[in-house]
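Residue numbers (this note's numbering), protein chains in the order written: chain Z, 1 to 361; chain S, 1001 to 1361; chain W, 2001 to 2361; chain E, 3001 to 3361.
For the record, the hints were derived by calculation from the structure and aren't laboratory data. It is possible that part of the hints are untrue.
A few chain E residues facing chain Z, derived, Cβ under 10 Å [what the hints assert, rightly or not]:
| no. | residue |
| --- | --- |
| 1 | S3005 |
| 2 | R3011 |
| 3 | G3024 |
| 4 | L3068 |
| 5 | T3079 |
| 6 | G3124 |
| 7 | R3125 |
| 8 | G3161 |
| 9 | A3162 |
| 10 | A3187 |
| 11 | P3266 |
| 12 | D3271 |
| 13 | F3322 |
EDC-like mimics (lysine to aspartate or glutamate), calculated; alpha carbons at most 16 Å apart, straight line [what the hints assert, rightly or not]:
| no. | chain 1 | residue 1 | chain 2 | residue 2 |
| --- | --- | --- | --- | --- |
| 14 | W | K2035 | W | E2147 |
| 15 | E | K3060 | E | D3046 |
| 16 | E | K3035 | E | D3203 |
| 17 | E | K3270 | W | E2262 |
| 18 | Z | K270 | S | D1314 |
| 19 | W | K2060 | W | D2040 |
| 20 | S | K1308 | S | E1147 |
| 21 | W | K2273 | E | E3147 |
| 22 | Z | K308 | Z | D203 |
| 23 | E | K3308 | E | E3147 |
| 24 | W | K2308 | E | E3262 |
| 25 | W | K2258 | E | D3203 |
| 26 | Z | K146 | Z | D40 |
| 27 | W | K2273 | E | D3314 |
| 28 | W | K2054 | W | E2191 |
| 29 | Z | K258 | S | D1203 |
| 30 | E | K3308 | W | D2046 |
| 31 | S | K1258 | Z | D96 |
Quick list of the computed label-pair ranges, beta carbon to beta carbon [to be verified]:
| no. | chain 1 | residue 1 | chain 2 | residue 2 | range |
| --- | --- | --- | --- | --- | --- |
| 32 | W | I2174 | E | D3040 | 21 to 31 Å |
| 33 | W | P2062 | E | E3178 | 55 to 65 Å |
| 34 | S | D1096 | W | D2096 | 54 to 64 Å |
| 35 | E | S3099 | W | K2035 | 23 to 33 Å |
| 36 | S | G1272 | W | D2316 | 24 to 34 Å |
| 37 | S | R1360 | E | D3314 | 34 to 44 Å |
| 38 | E | A3100 | Z | E66 | 45 to 55 Å |
| 39 | Z | K202 | S | R1148 | 43 to 53 Å |
| 40 | W | S2195 | E | A3100 | 56 to 66 Å |
We treat Cβ as the ideally placed atom computed from N, Cα and C, and that holds for glycine.
Protein chains: 4
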Amino acid sequence: MAGDSFGTLFRISTFGESHGPGVGCIVEGCPPGLKLCIDDIQQELDRRRPGQSKISTQRKEPDSVEVLSGLLNGVTTGTPIALLIRNTDQRSHDYDEMSALYRPGHADYTYQQKYGLRDVAGGGRSSARTTAASVAAGAIAKKLLKERFGVAIHAWVKSVGALQMTTPAEQVDISMIESNPVRCPDAQLAEQMQSLIEQTRKDGDSLGGVVECIANGVPVGWGEPIFDRLEADLAKAMLAINASKGFEIGSGFAGTEKRGSEHNDPFLIKDGKVQTEGNDHGGVLGGISSGMPVVFRVAFKPTATIAKLQRTIDVDGNAIEFRGRGRHDPCVLPRAVPIVEAMAALVLADHALRAAALLRD
Amino acid sequence: MAGDSFGTLFRISTFGESHGPGVGCIVEGCPPGLKLCIDDIQQELDRRRPGQSKISTQRKEPDSVEVLSGLLNGVTTGTPIALLIRNTDQRSHDYDEMSALYRPGHADYTYQQKYGLRDVAGGGRSSARTTAASVAAGAIAKKLLKERFGVAIHAWVKSVGALQMTTPAEQVDISMIESNPVRCPDAQLAEQMQSLIEQTRKDGDSLGGVVECIANGVPVGWGEPIFDRLEADLAKAMLAINASKGFEIGSGFAGTEKRGSEHNDPFLIKDGKVQTEGNDHGGVLGGISSGMPVVFRVAFKPTATIAKLQRTIDVDGNAIEFRGRGRHDPCVLPRAVPIVEAMAALVLADHALRAAALLRD
Amino acid sequence: MAGDSFGTLFRISTFGESHGPGVGCIVEGCPPGLKLCIDDIQQELDRRRPGQSKISTQRKEPDSVEVLSGLLNGVTTGTPIALLIRNTDQRSHDYDEMSALYRPGHADYTYQQKYGLRDVAGGGRSSARTTAASVAAGAIAKKLLKERFGVAIHAWVKSVGALQMTTPAEQVDISMIESNPVRCPDAQLAEQMQSLIEQTRKDGDSLGGVVECIANGVPVGWGEPIFDRLEADLAKAMLAINASKGFEIGSGFAGTEKRGSEHNDPFLIKDGKVQTEGNDHGGVLGGISSGMPVVFRVAFKPTATIAKLQRTIDVDGNAIEFRGRGRHDPCVLPRAVPIVEAMAALVLADHALRAAALLRD
Amino acid sequence: MAGDSFGTLFRISTFGESHGPGVGCIVEGCPPGLKLCIDDIQQELDRRRPGQSKISTQRKEPDSVEVLSGLLNGVTTGTPIALLIRNTDQRSHDYDEMSALYRPGHADYTYQQKYGLRDVAGGGRSSARTTAASVAAGAIAKKLLKERFGVAIHAWVKSVGALQMTTPAEQVDISMIESNPVRCPDAQLAEQMQSLIEQTRKDGDSLGGVVECIANGVPVGWGEPIFDRLEADLAKAMLAINASKGFEIGSGFAGTEKRGSEHNDPFLIKDGKVQTEGNDHGGVLGGISSGMPVVFRVAFKPTATIAKLQRTIDVDGNAIEFRGRGRHDPCVLPRAVPIVEAMAALVLADHALRAAALLRD
């Protein structure tokens, strides 16, 4: 069982390399009768694609998606939806030098050892370009969640390096996310982040950070204990994104310093429905959604490709020095935002279908 | 697809409630010919079982495991191994009062809404008692990993509340883990933690903390990109443990404040093999094990059951106050250690088999 | 991915050997709130268990089932239902001689080669005793199908050796199935079959035959093209039963000699609903149930264990002669009837849940 | 879990409709380092494609395959291989009339009821055109089986209507299969079949038949009891092919009339290896390959589309008469041959990988 598929009932199978003919996926399990058009998908791809602003890579990929199946007269048919995004701007020669060495922080060495060969150009299958397929599929999941369940998913950049927004997720003004190229809803902080990113690129270096995400409208009852808890599947989805190193839900790591009496969110009736006071639990209790907003955060390491001189070894084991090539983001955070949303949508859509299979009347 | 199974090739299917006849599991995919005896499993269950020390719950469960299949003359046969742990010390009347209300921080409300009914006694399926099955199965995975691959997995308590051990994972003296009831390898800090736990229990309150885990000896090449990355499956496994709220691998959340030039671990040849200087990557690159120790941390929230008076609502929506009953750990961390190890072993054993299915000569 | 589990949403994982502690399974995916008692399961096991009549094996196994989880106050909880059937009447010494040779028509040689060892007593995991677990699980599936969907499944013996009942499945009097030990609803033919079976046993030989099965009440829309067609999953289920060698649905092999103009079943309105004239299609069109009865047949080879002298080789490759030992049915057909029903129920229950996951309003 | 994927370790996910942009699939699990070129795939597609001879449909589809990923410098990389076959010759207007009625023997009614809508043109997803994706994927499986395991798979037409070849599978001259358009290795019988097919087409009618298949070189030990037996997975694969109604392995249905003493195949040593005298077991014992040729047969019903006047109902339930349109084969058997081979190859490749995951040294 190869690891290129994700989900159980709402399931995607992906393919494609950075510098091959294209990337794409098949979406299985999307219910029939959902209104869906190319633009629903394209607009999410546009948020992810390179070259959007001066703080992202200058690689130009229009990332135009073609729907190969599963759509008829503007609605889904219930059959697999295949999506294809052709690769266009490929400069394989940028990577010639890389074939002889193992770049630190990259998958060169591990792919070579695992598969006995590796696709050097653009990192092949290990490239973040593969996330385009996830974003395209996630757009369909988002549409399904919105139309059938009223669920809305929004992510933003919470921190870049040491610059961190402290507003609680439930109070973030989501209308501000797309107001700046960093995708940080705090406009003032976003400017500082942008400056930091630009300065770091000039230094030939890179930055990490944290993306936060909220899913509003998730009904009570999604999540399949004891292993396929909603937070467990979200954790897997987030750690499956390139460059991510951590996941936390609700109070997360900081919550470990609280006492139970502070951490337990009391139940109460508000607006005529059961809610909790506070959301340290992050919208999941016992692995099942509680009806409160689902809130989580994802840690991204600084981009591995940097222009600074680095030490490593070549494929023969000789110690060498080299500089990164290719066109890369000095900070992946802004472009990680739609990816986090897409992966979250895939998890939630899957659990929506799984809840339906429980046959509760 | 219910969520009570875990893994793909090395796969467990679990069952059981806190106060029903018992808990257990079926382990599929264990290769034939592995030497295995009851003690291999029982000793791990003994590390998890309640009543081990004065800082854990006084519920007494011998947790004796019976092997129902898959063993012949002291070796595995390659057929499913079924494990059964009978429940014994059940005081269901402790829970009578609970049936009328929704405890904060517990799964009472979400189970009721999802399934339309709930097993009040001991929390039914939502009880951490279900982890006994995972620990039993994990013991088999541990044995397989040790015997066939030389992989050793060790976890310990890194923090309790604000008390935190700062020793890097690779430098921890693992022989010290079992030297104290807290399972913190820093003996002095362990004493402080123990005092804090005892004091907190007297206060009728509870504590959270962080477990750290290292897997030594993992060969290069385990992990199945792009979704079933080793760290993604570990993240899912850890967030599938009761009370966990976060996961991070290698540099994790702290690593987001580093620059790429600091974070990238240079490759070098050491002891005749390819290694890295530093281990910010935590033993995985591109979702595949690098041959370096796999290091990760798991955040556990403070125990939800506390003796302090708490506000909540009853099943009719009336605001009420109540105190937790039943016998619970004021801090789950010490008993979480063998569970983290077990879940990690399940993930690694699964990926060991999956790597074999790649048919690399 | 070991092969001891069956189904996707309504899923069973099985365990157990012929002469080990017991056999059993975990049933995942059964919806909550279904009324279920031990007798629902036990009565199906009683139909399968050995020693029912003089034409079946004299091995005595009470086959008492214990429900280890998933039931509360007489209803299912939606959590896994674990079932355990202890083995009791084990005469392992009957099999001592067998350990040194490979019996023709048995799995001795293939298990030895695949696993590097084999459990000689009773054939270990290859024994038809493992079908007890399927029958127990199937009883739950049957109950679900009956209670929630009004589906009823009935199988019977259509032929034993050359003695064949020619009544079309839709016209069989299912109330007659249990009226004789052969489970052939044609009483007169059943007597001939019984005589034939008894004579064949006296000859030290064995017989094969065909079981036919009908599922009434299956609604339109079950089956998941293009691969998980209803008939494809039924075919797999039937070929997964010990000793089965063939499956056909509707017109089957005989239908290959018809012309399209004879074979196509015209649609018509009858009793106010869409039906077909004739049922050559056997209740499935394009892999999806049509609302007509689902009708299929399963071929079973003659029992491999016979008392006649047979040629074979020992484990060292020497040509030898031997006689079968152990207590076996001279004809498995009568006891195969509840197994066929159980496997059919597992397939249909699974597809009932899968259809629900399609989110059609 | 939608039903458009097949296999576990060697796994295909398919997409596409008869008259949409194209059909295709993603092949997961193909090991790295396998030599593979477009022609390996194209030549199998050419055997399946319409318009090959005057006895098949005149629909012209070049069925040119494009490999979108997973290949590098002529070898597989171990990453998913995506295949796309564009549709070209689409005459949707042929189907306009069909949208108002339910054709007998077709999936019109069941798709409409299941999905709430249907793609009328060419039958949409229910079209046998989807088998092009399976054949393309199967070509890769065939290559893997041949190169790594020395397994060769050959199918042929055994019967058309009542015209049946009686040569045992093991004695068939496979070099003769492609010598005539019927793909029946008995040249004389093939001519009669061809005449029968041509005459039947002139009559506006259609024919069914049986395809037989042999897999030579399958090593001992493939197949995963107790459910994923080799024959069970083959049965599923075959019943997943459009128009198939039956499957039998080895002695099959005819074998039910034998006695055990005739049916059991004695083991013997021949050419220095363990074999059996006779092959009534069809190459599988206890669900596991025995090292003998795997031999099975598949029943195909007569083509549902015929030119004769047929009765049915329209979508409003009115009784009507109509004649089939579109260009269809009067007998699908010749073109079913490469499909049967492809599906068999997918099953065997999957089990080859699964056997490797057993970690037998």
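Now the hints, each set against the structure:
no. : hint                          : verdict
1   : S3005                         : 7 Å, holds
2   : R3011                         : 7 Å, holds
3   : G3024                         : 7 Å, holds
4   : L3068                         : 5 Å, holds
5   : T3079                         : 4 Å, holds
6   : G3124                         : 7 Å, holds
7   : R3125                         : 4 Å, holds
8   : G3161                         : 33 Å, violated
9   : A3162                         : 37 Å, violated
10  : A3187                         : 41 Å, violated
11  : P3266                         : 39 Å, violated
12  : D3271                         : 35 Å, violated
13  : F3322                         : 23 Å, violated
14  : W:K2035 - W:E2147             : 9 Å, holds
15  : E:K3060 - E:D3046             : 11 Å, holds
16  : E:K3035 - E:D3203             : 47 Å, violated
17  : E:K3270 - W:E2262             : 49 Å, violated
18  : Z:K270 - S:D1314              : 14 Å, holds
19  : W:K2060 - W:D2040             : 21 Å, violated
20  : S:K1308 - S:E1147             : 48 Å, violated
21  : W:K2273 - E:E3147             : 54 Å, violated
22  : Z:K308 - Z:D203               : 8 Å, holds
23  : E:K3308 - E:E3147             : 48 Å, violated
24  : W:K2308 - E:E3262             : 11 Å, holds
25  : W:K2258 - E:D3203             : 14 Å, holds
26  : Z:K146 - Z:D40                : 12 Å, holds
27  : W:K2273 - E:D3314             : 13 Å, holds
28  : W:K2054 - W:E2191             : 13 Å, holds
29  : Z:K258 - S:D1203              : 14 Å, holds
30  : E:K3308 - W:D2046             : 52 Å, violated
31  : S:K1258 - Z:D96               : 29 Å, violated
32  : W:I2174 - E:D3040: 21 to 31 Å : 52 Å, violated
33  : W:P2062 - E:E3178: 55 to 65 Å : 59 Å, holds
34  : S:D1096 - W:D2096: 54 to 64 Å : 56 Å, holds
35  : E:S3099 - W:K2035: 23 to 33 Å : 44 Å, violated
36  : S:G1272 - W:D2316: 24 to 34 Å : 45 Å, violated
37  : S:R1360 - E:D3314: 34 to 44 Å : 58 Å, violated
38  : E:A3100 - Z:E66: 45 to 55 Å   : 31 Å, violated
39  : Z:K202 - S:R1148: 43 to 53 Å  : 51 Å, holds
40  : W:S2195 - E:A3100: 56 to 66 Å : 57 Å, holds
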